[in-house]
Amino acid sequence: EDQVTQSPEALRLQEGESSSLNCSYTVSGLRGLFWYRQDPGKGPEFLFTLYSAGEEKEKERLKATLTKKESFLHITAPKPEDSATYLCAVQAPGVDTGTASKLTFGTGTRLQVTL
Amino acid sequence: DTGVSQDPRHKITKRGQNVTFRCDPISEHNRLYWYRQTLGQGPEFLTYFQNEAQLEKSRLLSDRFSAERPKGSFSTLEIQRTEQGDSAMYLCASSYKTSGGSNEQFFGPGTRLTVL
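If you're matching them up, the sequences are chains H and L in order. Using my numbering, read the first sequence as starting at 43 and increasing by one per residue. Using my numbering, read the second sequence as starting at 303 and increasing by one per residue.
Hints may contain errors.
Using 27 angstroms as the maximum straight-line C-alpha spacing, the simulated DSS-like pairs for lysine-lysine come out as follows [stated by the list, open to error]:
id : chain 1 : residue 1 : chain 2 : residue 2
1  : H       : Lys84     : L       : Lys359
2  : H       : Lys84     : H       : Lys99
3  : L       : Lys399    : H       : Lys105
4  : L       : Lys399    : H       : Lys101
5  : L       : Lys399    : H       : Lys99
Source of the hints: derived by calculation from the structure; they are not laboratory data.
I would like the entire structure built from these sequences, with the hints used as guidance.
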């Protein structure tokens, strides 16, 4: 069964204090690893997809990297508006169809950035 | 262009009542997914459709849950005889299937269900 573990559960940073969030995964035949941002009471907002080990993607202050066992979301010089829960998810071939389908999510990292 | 929309945004019901939620995906997307999220947890997969065909259902989906996508456009999720344990945020997502198989899923705002 696919498993995703995110750490830490919660992280408090001061504005400008860079850090990294971790996502460890176990999956048979990774089709994609996804990062989402979720604000309270809202649906997840897509950030990145990574497909193979060694791949990196960047967007503003965020950079996502992927190895064969884990992914990191690096946050450089965060601002208060980066405060949110960051969710990691993996996509594997569907059991019944063989094509990529559902996402399996971790429990997220709650990030708070203060002035 | 509008994103994924869900209706209603909030629903309060009494235990034992039936509820139905609607999801309108991004117009060109052929895949539609339903997830459930409880406080402090990540979304959990419930079911998904490719066009009008329901291709996969989670073992979490009891007989009280049914989903349809009659014309391959919008979808409904019905919960019969609701229980307090059904209280959660119900999220809908859509994507466009590509030949490569993996594709980004875009989520709606969710429907918050409270069962009293």
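Status of each hint after checking the structure:
{"no.": "1", "hint": "Lys84/H with Lys359/L", "verdict": "24 angstroms, holds"}
{"no.": "2", "hint": "Lys84/H with Lys99/H", "verdict": "24 angstroms, holds"}
{"no.": "3", "hint": "Lys399/L with Lys105/H", "verdict": "26 angstroms, holds"}
{"no.": "4", "hint": "Lys399/L with Lys101/H", "verdict": "24 angstroms, holds"}
{"no.": "5", "hint": "Lys399/L with Lys99/H", "verdict": "22 angstroms, holds"}
Going through the hint list in order, the structure satisfies each hint without exception.
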